[in-house]
Each structure stands twice: as C-alpha cells, then as structure tokens.
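Asker: Using the hints provided, position chain B relative to the given structure of chain A.
Residue numbers (this note's numbering), protein chains in the order written: chain A, 26 to 339; chain B, 47 to 410.
None of these hints come from the bench; they were simulated from the model.
No experiment lies behind these values; they were computed from the predicted model shown.
Among the hints, a few may not be true.
[What the hints assert, rightly or not] Each pair of labels, with its calculated beta carbon distance range:
id, chain 1, residue 1, chain 2, residue 2, range
1, B, Lys335, A, Gly301, 24 to 30 Å
2, A, Leu110, B, Gly303, 51 to 57 Å
3, A, Gly301, B, Pro322, 38 to 44 Å
4, A, Ala62, B, Gly135, 30 to 36 Å
5, B, Asp294, A, Leu178, 33 to 39 Å
6, A, Leu178, B, Lys335, 45 to 51 Å
7, A, Asn322, B, Asp328, 54 to 60 Å
8, B, Thr218, A, Leu240, 54 to 60 Å
9, B, Asn337, A, Leu141, 54 to 60 Å
Don't be surprised by glycine CBs; every beta carbon is placed ideally from N, CA and C.
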Amino acid sequence: MTTAVARGTIRAPQRPGDRIFSTATVVSGGLILAVLASVAAFLLVQSLPAFVAKPEDFTGGYTNFWSYVWPLAFGTLWSAFLALLIAVPLAIGIALFISHYAPRKLSQGLGYIVDLLAAVPSVVFGLWGIGVLAPLLQPFYATLVAWFGWIPLFAGPVSGTGRTILTVAIVLAVMVLPIITALCREIFLQTPVLYEEASLALGATRWEMIAMAVLPFGRSGIISASMLGLGRALGETMAVAMVLSPSSQVVFQLLTSQNPTTIAANIALNFPEAHGTGVNILLATGLVLFVITLAVNMVARLIINRRKAFSGAN
Amino acid sequence: MNFTRFGRPAVIAVVAALALSSCASNESATPASTEGAASALTGTLTGAGSSAQGSAQEAWIAAFQTANPDVTVNYDPSGSGAGRETFIGGGSDFAGSDSYLKDEELAGTFAACAPGSSAVDLPVYISPIAVIFNVEGVKDLNLDSDTLAKIFKGEITTWNDPAIAALNPKATLPATAITAVHRSDDSGTTKNFTDYLFQTAPDVWTDAPADPFPLQSGEGAKGTSGVVDAVTNGVGTIGYADASKAGDLGVAKIKVGDKFVGYTADAAAAVVADSPLVEGRDKSDLAIKINRLTTDPTHYPLVLVSYAVVCTEYADAAQGELVKAYVSYMAGSDGQSVAASAGGAAPLSTELADKVSAVLATIK
Numbered sequence: 026m027t028t029a030v031a032r033g034t035i036r037a038p039q040r041p042g043d044r045i046f047s048t049a050t051v052v053s054g055g056l057i058l059a060v061l062a063s064v065a066a067f068l069l070v071q072s073l074p075a076f077v078a079k080p081e082d083f084t085g086g087y088t089n090f091w092s093y094v095w096p097l098a099f100g101t102l103w104s105a106f107l108a109l110l111i112a113v114p115l116a117i118g119i120a121l122f123i124s125h126y127a128p129r130k131l132s133q134g135l136g137y138i139v140d141l142l143a144a145v146p147s148v149v150f151g152l153w154g155i156g157v158l159a160p161l162l163q164p165f166y167a168t169l170v171a172w173f174g175w176i177p178l179f180a181g182p183v184s185g186t187g188r189t190i191l192t193v194a195i196v197l198a199v200m201v202l203p204i205i206t207a208l209c210r211e212i213f214l215q216t217p218v219l220y221e222e223a224s225l226a227l228g229a230t231r232w233e234m235i236a237m238a239v240l241p242f243g244r245s246g247i248i249s250a251s252m253l254g255l256g257r258a259l260g261e262t263m264a265v266a267m268v269l270s271p272s273s274q275v276v277f278q279l280l281t282s283q284n285p286t287t288i289a290a291n292i293a294l295n296f297p298e299a300h301g302t303g304v305n306i307l308l309a310t311g312l313v314l315f316v317i318t319l320a321v322n323m324v325a326r327l328i329i330n331r332r333k334a335f336s337g338a339n
Numbered sequence: 047m048n049f050t051r052f053g054r055p056a057v058i059a060v061v062a063a064l065a066l067s068s069c070a071s072n073e074s075a076t077p078a079s080t081e082g083a084a085s086a087l088t089g090t091l092t093g094a095g096s097s098a099q100g101s102a103q104e105a106w107i108a109a110f111q112t113a114n115p116d117v118t119v120n121y122d123p124s125g126s127g128a129g130r131e132t133f134i135g136g137g138s139d140f141a142g143s144d145s146y147l148k149d150e151e152l153a154g155t156f157a158a159c160a161p162g163s164s165a166v167d168l169p170v171y172i173s174p175i176a177v178i179f180n181v182e183g184v185k186d187l188n189l190d191s192d193t194l195a196k197i198f199k200g201e202i203t204t205w206n207d208p209a210i211a212a213l214n215p216k217a218t219l220p221a222t223a224i225t226a227v228h229r230s231d232d233s234g235t236t237k238n239f240t241d242y243l244f245q246t247a248p249d250v251w252t253d254a255p256a257d258p259f260p261l262q263s264g265e266g267a268k269g270t271s272g273v274v275d276a277v278t279n280g281v282g283t284i285g286y287a288d289a290s291k292a293g294d295l296g297v298a299k300i301k302v303g304d305k306f307v308g309y310t311a312d313a314a315a316a317v318v319a320d321s322p323l324v325e326g327r328d329k330s331d332l333a334i335k336i337n338r339l340t341t342d343p344t345h346y347p348l349v350l351v352s353y354a355v356v357c358t359e360y361a362d363a364a365q366g367e368l369v370k371a372y373v374s375y376m377a378g379s380d381g382q383s384v385a386a387s388a389g390g391a392a393p394l395s396t397e398l399a400d401k402v403s404a405v406l407a408t409i410k
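Excised from the complex, chain A in its bound form:
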C-alpha cells in the first residue's frame, strides 16, 4: 500500500469503506489476542489458591494439587491418543477414497456427509455413546476379556455397562473424524498431477503411486490435520462426562469400570457442587489443560516447520 503511494503523485482515493474495513480487521485481530490473554490471566489468578491448598480442600484423599491433577492429565492424553489411533488411519482411508478412488459423483456426496458429522453437537454423541454404542460393545468386550485377558490392555474384570475408555475413544474418534478427513482430502487433492502421472508412467500401480507420490507429499498436512483433531479430542467435555465411568487413577486397561477420566470431564462433573477452594482447584486443572493444549500445538508446529520444504503444506 505504502509503496504505491510513494511512487506516484496520484494518491489513491480513500473511500470510507476502505478505512472502515481496515479498522475492522485490525480490531478483530486485536480482539482475539485480548480474549486469549484475558482467559490466560483469569485462569492464572484463579488457580493460585489451588497450588497452596490444604489437603482437606481436596476430595478423595489427595494431599496436594499435583497428585490430584496427574491422573486427570494422564486420562486426557490417553483418551485423546486412543481416539487419534482410531481416527487417523480411518480418516486417511476416507480421504484417499474421496480424492483418488471414488467416482466423482459419489466422492462429492461422501464429502458432504463426512462434513455433516462435524455439525452434530457433542451432547448428542454422548447420548449415542451411552444409549447405543456402550450396550452394543459390552458383549464384545466380555468376549475380548475372556479370550485376550492375558494381554495387559484387555485385562479384566470387564465393565458390565461398556462405558469404558475404549468406548469413549471410539466416540471421540467419530467426533474428530470430519476435521481430519476434510483437511487430508484437500491436501491429497493438491498433489501435483505431474508427480502422479510420472509415477504411473514409470509403471507404478495405483497403490504404489499413492504410497510414493501422494502420501509423502501430504505427510505434514496429515500431521497438522491430526493435531487439529487432537485439539478437539483433548478438550471434549460433554461426551466424555456422559459416557465414561470415571475414577481418578493411572491405569492402561481399556475394558474395566475404572478408567482415568479427563480434565474437561472432571470439571464438568464437579463444578456444579464445588465451592470455596474447590472451585480454584478445578480452575487450576483447567490451566493445566490450557498448557497441555498449547504444548501439543507448539510441538505440531515444530514438526510441520521442519518438514515444510518437502511437502504441500507451504
């Protein structure tokens, strides 16, 4: 803008619309920073009493804040990790089908349907999880424990209701699927046609073409899509609070009644009756979640930046 003005004697006429619009964008940009800063400041100030809270302020026999928050932080990361483990391969498969396998008409329809999943509110997913998924999976879990109980992950006793961390991970996976799928699809479609045609011309089959041209090109895109999905999985509250049978301990078993619960779900469950220092303790766990989410996003940025030169993310 300034270079154009400096070169000539003719000044571009400044219409009111220009000024209003540029001010509006600056205000919007500044507002988001201000909101983020005020959230961080609020969490910090409200959390301070929790770090010096006395043992009797904690429910469930904890002695200090860190012993209280550790199982919750573990549960948050563990459930999100399991969800991604299910969602990412599935999302890549769906995205590849839409971008490279499906006939054009079908691929458009399928894309819309996957996007529609993102519009379903999480409380509906929660109800579906309790009402449909958990009872449906329970007999399957019972069989799994009976046959593969010797694998530590599937150790019993099996939950009688199916409301386990694996069910939660499946619900979360369904919820993050649309985000990851939509991004992966866009990235796969951006693969230069020249690469694809070249590998086909060299005698590659369609699968080999995808493995050698499309996937390497989209790798950093897949990672950033997964990280966006991870962000949603980490912060998901309602579906976890409704579906999971929570306890506060660090366990890896997938199919029992005692599952590590997440920070967000724990806040949702205990906030209504919390008072005094209890509120500060819950908000401090919120601060921990805030920090975890920031850290995850920063790591994701780091990975993407390192690989940027070789891929389609730039």
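Answerer: Only chain B this time, still in chain A's reference frame:
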C-alpha cells in the same frame, strides 16, 4: 452502499429483541390485581443449595407464586455446601441443604440474620434412596448392609457369591460379574448411602460418609439419570438412586432387624419421625440424626433428609415474613403433597410437620 440489504435484518433483530425481553420473569404473567384477598405478601425471596430439592423447589415456587402473585422466589440448585456458604455470607434468604449446619458454622454469624440471633435447620424434604439392580432372571433381591457394602467395595464380585445366595435362597443367581454403579458427581445421595453403610456395616465400610464416592472401585455415572441409565443398559448391574427415579428396574429389599424391607414413602417417613434430634443444639433446631440402625421392620433407614436453613430472626423483618410464609408452605401438607408428586418425596409425618410449624411461628 445499499443499506436496504442490512435494513431488513436489523428491523427483525430489533423486533425480536423487544418481543423476547418482555418475557424475562420466571413468574407466569397473571395480572396481580385479580386476587383480592388472597395475599398481601410482596417482595423477592432468594434461596440456594441442595440440588436434590431442585425439582421440589420448582414445584413449590410455581404454586407459591400463583397463590402470592406479588412475590418472586428464586432458587439456585448450586449444591448443599455452596448453598450454606451463600446463606452464611448473606447472599440468600434461606439455604436448602442435604446436611444440617455444622457446629463451626453455627458458632459463626449469619449475615442475613439479626445481630445476636442464629440459624436453624428445618427438615422439609424426605426422599427414600432405592437400591436398583438389573440381573437377568432375578426379580426380587434381598440384601443386608454387610453384603451391600462388600458389593460396592468390590469384595463381592459375582452374583452367585455365597453371601448373596444365602440371603436369597429362592432366586436363581447367575455367575455374571457384578458392576456396582455409583454417582461420579458430588451428591447428597452418595453421602446418605455411604452414611447408611458406614453406620450399619462398620466392619466392612470404613470410609466416612461424604459427597463424592470415596473408593476407586465400581463404575461411576453422572447424575441420578446417569446411574439409572447405566443400570438399565448394563449387564449384572446394581446402583443407588432417588426412589422416584427407579422406574421399572428391580429394587432390592434391605435388611432391617430380621426382615427385608422395600422402600415406601410411609416407611421412609416413619424412620425420620422416630429418629432423635441431634443433641446439644438449640431446641428450635430440628436437625435429625437419622436412626440408620433401626430394627423396626416398618422403617426404611436408607433415606435422605434435606433441610431449609433459616434465621431465627431476620435483620430485615419483611424478608423474615416472606421466608416464614414460604417455608411454612413447603413444610405444610399442601407443599408436601406437591413435592411428593413432583419429586417423589415422602411427606413429613404430622408430628414432625407440627414441630416445624411451631419453630416457624417463632421466626421473626
């Protein structure tokens, strides 16, 4: 710029804002002048506390505001502890609480009360807690408190355990694993349930009663509806919930004396009526020490008693009149029958209701 494009939505927005803002009160829009002799009370009454009282309070407020059109009552079901704290700090005119005031709370001062006066607990809401179960092929189930405590502690893990079989000689119990469902959120129901186990099965249940479920065993579910849902959809499940929400589920009978007793509103009211008041308190304080150890088979000791906590003398006499009128209505026969139909509560016995109204008469 073409402003008509923005003009139309703007007009719609303004009209909508006007239309919506005109129905902000929680009172039904009955004109105040029609009820001539009905009531002279005016003002706003604020209460906060027990969420167990929540549905009953909604019904009470609706009926009380219809009878007294110039009165507005607000009740925030924020939880018993928060409710007592708000009341002590002067943020509300009365508190709803599932547990009576602690001694240290009574020793302090209450901001809404007149200087030198104190606060009292008045029982207004009694709700039996049902032990619900869902086991294939089992319709009736008898349990004593030792067995119940062991089930919720995770020490009895299958339905055909000898301890359960001994209590149920006629039932065919499957070898299914037991999933014991408890509340995952803090709850007065959990506190009363664990208090029952703590008192009646002291050898097994050693954790002091509290709002959160104390153990890392069994399965947690959110809210009463969550527990009922988990028990309904699960296999070999057992849980506890407000009796009014038990629905079609099997309800276990608990052992009282030598007999097994199912819950009824009468049996729940009876145990409260026969329980002594907490000792060492002012005689106008009706805090009840529920007799969980009763051996009378007409009693059902697994009950929750919820209180209205009010000042003996209000700093603002007009507010005192309002509280008196509202709590009298809650504890009276009309209020109790409204609560019974709205929340499945057990009505106060006449004797206890008389005691409550006698205390209310002295409130200024």
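Asker: Hints numbered earlier in the text: which of these fail when held up against the supplied structure?
Answerer: 3
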